[in-house]
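Fit chain W with the ligands to the supplied structure of chain X, relying on the hints for placement.
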Amino acid sequence: MVSFKINGETVQARQGWTVLETARQHGVHIPTLCHHEAVEPSGACRLCVVEVVQGKWSKIVISCMYPVAEGIEILTDSPRVKNVRRWILEMLLAECPGSKEIRALAAEYGVSASRFAAHHPDEQCILCGLCVRVCKEVVGVSAISTIGRGVHKKIGSPYQGPAEACVACGSCVTVCPTGAMRARLDAVRGEPKVKLAHGAK
Amino acid sequence: MSNISAVPQPWAERLNSAADLEALRQRLEAGQDPNRPEIIVCHGTGCLANGSPQAAEALKKAIKDAGLDAKVVPGIKITGCHGFCSRGPLVVVRPQGLFYQRVQPEDAQEIVQTTLIEGKPVDRLLYVDPVSGEHIPHEKDIPFYKHQERIVLRNIGKVDPTDLGDTLVRGGYQALAKALFSMTPEEVVQQVEASGLRGRGGAGFPTGRKWRSALAAVAKKGGPVYVVVNGDEGDPGAFMDRTIMEGDPHAVLEGLILGAYALGAHQGYMYVRAEYPVAIKHLGIAMEQARALGLLGENILGSGFSFDVQVNRGAGAFVCGESTALFTSIEGRAGEPKPKYVRSVEEGLWGRPTVLNNVETWANVPQIVEKGGAWFAGIGVPHSTGTKVFSLVGKVNNVGLVEVPMGIPLQDIVEKLGGGVPGGQPFKAVQTGGPSGGCLPERLLDLPLDFDALTEAGSMMAAWASAACARCSTASARARAASRTSWTCAAWPRPSRTAPCAPWAAAPPTRCSPPCNTSRTSTWPTSRTTSARPGCARTSSPTA
Ligand SMILES: Cc1cc2nc3c(=O)[nH]c(=O)nc-3n(C[C@H](O)[C@H](O)[C@H](O)COP(=O)(O)O)c2cc1C
Ligand code: SF4
Ligand code: FES
Ligand code: FES
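These protein sequences, in sequence, are chains X and W.
For the first sequence, the tail end lands on 188 under the numbering used here, and the numbers increase by one without skipping.
For the second sequence, the tail end lands on 572 under the numbering used here, and the numbers increase by one without skipping.
By construction, these hints were calculated from the structure, which means they are not laboratory data.
Since this is a predicted model, take the numbers as computed values, not measurements.
Ideal Cβ positions, reconstructed from N, Cα and C, are used throughout, including at glycine.
Among these hints, one or two may not hold up.
To be verified - Computed beta-carbon distance windows for the label pairs:
1) W:218 / X:136: 34 to 44 Å
2) X:166 / W:214: 53 to 63 Å
3) W:312 / X:-8: 52 to 62 Å
4) X:44 / W:249: 21 to 31 Å
5) W:312 / X:128: 37 to 47 Å
6) W:359 / X:156: 21 to 31 Å
Claimed, not checked - Counterexamples of contact, computed for chain X against chain W with all Cβ distances above 12 Å:
7) -9
8) 42
9) 51
10) 126
For reference, chain X alone in the conformation it holds in the complex:
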């Protein structure tokens, strides 16, 4: 067992746990977007940042991947953490102005506008890759992936057509934190191969 402090309270964790897992175990709220217990964390959204204080110095880390260690002190809502989160939310707002969830979360931190230019007013996807990870790790088919890179990166299927591998399970839609995948699923799975129910031939 490892014991350390979250917001001044001593908590216990197993070796190998992350700070986020421990915080949730103890009912401490840390906002996340790209994290889901069913898949490996990837640290894409950065929203789960916390401050680690160790003696005289402190640093900002992402709690969903930071391993617990004896004696560290975690602050989940320090002014520094809040400031970084506001930055992140501002960037997310510019990246996907179309997402109601992001707007609501940003408002919670007092961010209502972004100083970064938004190029796609209807975009909802934050490119967190959660859909890709669930498709690969849980469903095991990898029907979708990230395509392109940098500002051209997006989520899609091979050759951007209906994916042969897609089993139309909808797991990606379920885990998507912003609802962006809902609009994409039809393009990925294509026309259903077998039509069931009334009127099927």
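Chain W with the ligands alone, transformed into the frame defined by chain X:
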């Protein structure tokens, strides 16, 4: 690249001991006549672009046309970048060491007639000192070269990078022979530790300490360990690593083999960006020639130690210079960084202990092993030992590549080596360290260039792209360009140390609107994930 030097090509034989290597070196040396005229034509990227192949062709033709005495046929040697790229195409005539700049094919005949036949310099092709207006005939007297100390670049511009024989004559692979036959791996690590060598790729992490932790990780985990060369050099305007790989590939290779010997690695990788085709080609040729001679591969020099390398090409992403992204790229996946909070000496390539070092770092290793860590530690300043290669670009008179001892004041680089700002314009700032660095204004001109001083000033040594900017607009444009580049990585786990003049680092904190009362919508995912799903593997059982 053709090699028409008169050195016999001895690749048929395989060397089986240090004595074999020494015998070959002596034979090659004996085959070289120090008085034979030799015309060196720079074939570095800058000079290639300026037309050095045409100049070389014209020189060959002129020598043939002049029908010079067959016994002393002057050789034409093709080399890597001499550093003074803005004056290219560069031609050096040996043995006199005459330095000709901006040589065009039309000048070939005059060079052959005046210099080779009459033994006089061609005045109009010489370098003219901008201050005194004097013609400077010899390379070593030109201010740009005079203030340099060349350790890493010692062979570049002197050897033909596609000819291993040439490197051997200049002492290549001597350090390897020394290490394999008279040093234990532990002693090699000790020498690197004693040298105080710090990584040239940016962070300046002590190389010896990195190797030591890798050894500790291997001792704990067992199994293979890898050595990797970081030749991704993505910083805009930087071409130090490129020049080293193109002009002296054997130095990198020898350094890597020495590292492998020290760490017990049997497989290495060179990750080189695909935009450097000449570097990739020269490294390939170097590896092939080294393998043929038994300097690489199975049972190196008959010592029983085996090690091989492969070159991986990067696919053109700046972030692939970052260790975890580089590893995923080598592993064949999209080159995206992984935030792991685990060091790559413990878990790197293929999840194994891995030592990743920059090209220049590796290229320093042979000299350290050969001359000893103490010798290296004596150069530079106490906590930043040795030399550093800098690309000097932007608004300076002498654009090019320089190597100077650590701790030299910034002013010397700008004024003495760089020749100051063109057109007598006032100096504004120097940008160092690429996208992760910062701009150093005039008041910091006396800053000593070492890792700690630069970090303290808010900039970075990094892979150096230095630009002395004359006007404010240029300085801020560069800062903007730099912050744009790091912008693509901002979503990734980089420490949030930003350049002091990156506009968004200096900006006031977030523009906050008045507190908003909107409550969280019910679809908000965190509310879904706060309670662990029963039976979920990740939440219920990360056991110790
Ligand atoms: C975004 C990013 C880009 C980097 N690019 C390079 C690069 O182009 N070349 C390089 O040698 N190191 C680069 N680095 C540093 C490497 O991650 C690594 O620290 C270095 O290669 C280690 O070698 P060294 O100890 O010899 O410096 C980069 C780091 C980051 C975070
Ligand atoms: S579609 Fe949803 S889950 Fe997939 S990357 Fe975009 S926001 Fe993340
Ligand atoms: S939840 Fe940790 S980075 Fe997204
Ligand atoms: S390319 Fe010839 S001097 Fe740099």
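Hints and how they fare:
Distance hint check for residue 218 of chain W and residue 136 of chain X: the Cβ-Cβ separation is about 43 Å, which falls inside the suggested range of 34 to 44 Å. One distance hint, 53 to 63 Å for the beta-carbon pair residue 166 of chain X and residue 214 of chain W, holds here, with the actual separation near 59 Å. Residue 312 of chain W and residue -8 of chain X have their C-beta atoms about 55 Å apart, which keeps the hinted 52 to 62 Å range intact. For residue 44 of chain X and residue 249 of chain W, the Cβ-Cβ distance of about 29 Å falls inside the hinted range of 21 to 31 Å, so the restraint holds.
Under the hint 37 to 47 Å, the C-beta atoms of residue 312 of chain W and residue 128 of chain X, about 39 Å apart, fit the expected range. Checked against the given bound of 21 to 31 Å, the beta carbons of residue 359 of chain W and residue 156 of chain X, roughly 28 Å apart, stay inside it. The beta carbon of residue -9 of chain X is kept farther than 12 Å from every beta carbon of chain W, the shortest such distance being approximately 15 Å. Taking the minimum C-beta to C-beta distance to chain W, about 18 Å, the non-interface status of residue 42 of chain X holds against the 12 Å cut.
With a cut of 12 Å on Cβ distances, residue 51 of chain X falls inside the contact zone with chain W, its closest approach being about 9 Å. Residue placement check: residue 126 of chain X keeps its beta carbon more than 12 Å from all beta carbons of chain W (closest about 15 Å).
Of the numbered hints stated above, the single one contradicted by the structure is hint 9.
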